[in-house]
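Protein chains in written order, with this note's numbering: chain A, 1 to 43; chain B, 1 to 148.
It cannot be assumed that every hint is accurate.
[What the hints assert, rightly or not] Here are some of the chain B residues that sit facing chain A, going by a computed Cβ distance under 8 angstroms:
hint	residue
1	Arg7
2	Thr12
3	Leu13
4	Leu53
5	Glu55
6	Trp58
7	Ile64
8	Gln82
9	Val87
10	His98
11	Phe145
[Said to hold, decoys possible] One side only, chain B facing chain A, incomplete, derived with CB under 10 angstroms:
hint	residue
12	Arg54
13	Val56
14	Pro69
15	Arg86
16	Val89
17	Glu97
18	Ala127
19	Phe146
In short, the hints are calculated from the structure, not lab data.
The beta-carbon is built from N, C-alpha and C at its ideal position, and this holds for glycine as well.
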Amino acid sequence: MRIGEPLRELEVAPPLAIPALEPVAPALPEVVPAPAAPVPVPA
Amino acid sequence: MSLRAWRFWRLTLDARGTARLWSIYVSCPWEGPLLHAHERPARHNEHCGIYALREVVWRLHNTIAPAPPGHTLLGLIGGYCQLWGRVVVHEAGYRAEHAMLEALVATVVAGSGSGRVIDVDADVLFAVQRHYGVELLPFGSRKRFFSR
Numbered sequence: 001m002r003i004g005e006p007l008r009e010l011e012v013a014p015p016l017a018i019p020a021l022e023p024v025a026p027a028l029p030e031v032v033p034a035p036a037a038p039v040p041v042p043a
Numbered sequence: 001m002s003l004r005a006w007r008f009w010r011l012t013l014d015a016r017g018t019a020r021l022w023s024i025y026v027s028c029p030w031e032g033p034l035l036h037a038h039e040r041p042a043r044h045n046e047h048c049g050i051y052a053l054r055e056v057v058w059r060l061h062n063t064i065a066p067a068p069p070g071h072t073l074l075g076l077i078g079g080y081c082q083l084w085g086r087v088v089v090h091e092a093g094y095r096a097e098h099a100m101l102e103a104l105v106a107t108v109v110a111g112s113g114s115g116r117v118i119d120v121d122a123d124v125l126f127a128v129q130r131h132y133g134v135e136l137l138p139f140g141s142r143k144r145f146f147s148r
């Protein structure tokens with residue numbers, strides 16, 4: 001999903017009714033981070 | 001008051017025929033209607049948070065993740081979620097600390113970005129509706145939910 005450039009940060013209150021369905025899914029980042037730089041191999 | 005936003009999920013079936021939702025770019029299952037980000041999103045950190053869009057779109061232009069191991073990818077399903085906690089507002093969407101699935105549109109499209117509608121058994125959609133405890137919206141009302 002292309003969401004464009006970040007504009008500002010908000011603190012948003014939770015919805016009035018949140019289902020009590022714990023535990024929730026393991027949280028992961030939504031976008032795969034760039035791969036780490038390759039480790040140099042000694043010649 | 002929380003924010004309402006639009007997003008897509010991958011809709012899959014496992015070997016037992018159980019339908020589940022997954023994030024579209026990473027192997028992140030939505031076991032239930034709630035998902036919490038691993039850390040609070042911030043403007044300077046572009047990878048954190050649960051992504052969603054401000055407006056209803058029906059095509060994606062990015063390559064989605066393949067089906068998770070042991071699952072068959074049926075297609076993409078769109079719907080609404082409530083966002084709260086720390087939310088970074090972007091030009092076209094959000095990255096949120098918390099999200100709760102609220103409603104799904106009962107139409108599945110191909111993951112290729114073509115927007116082609118995939119024929120999915122209605123029982124699969126009803127099973128997803130029951131599991132996540134959400135509304136199932138007809139395709140024609142997909143945009144009206146924003147104004148409710």
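Hints, verified against the model:
no. : hint   : verdict
1   : Arg7   : 6 angstroms, holds
2   : Thr12  : 14 angstroms, violated
3   : Leu13  : 18 angstroms, violated
4   : Leu53  : 6 angstroms, holds
5   : Glu55  : 11 angstroms, violated
6   : Trp58  : 12 angstroms, violated
7   : Ile64  : 10 angstroms, violated
8   : Gln82  : 5 angstroms, holds
9   : Val87  : 5 angstroms, holds
10  : His98  : 7 angstroms, holds
11  : Phe145 : 15 angstroms, violated
12  : Arg54  : 8 angstroms, holds
13  : Val56  : 12 angstroms, violated
14  : Pro69  : 16 angstroms, violated
15  : Arg86  : 6 angstroms, holds
16  : Val89  : 5 angstroms, holds
17  : Glu97  : 9 angstroms, holds
18  : Ala127 : 17 angstroms, violated
19  : Phe146 : 15 angstroms, violated
When the structure is compared with the earlier hints, violations turn up for hints 2, 3, 5, 6, 7, 11, 13, 14, 18 and 19 and for no others.
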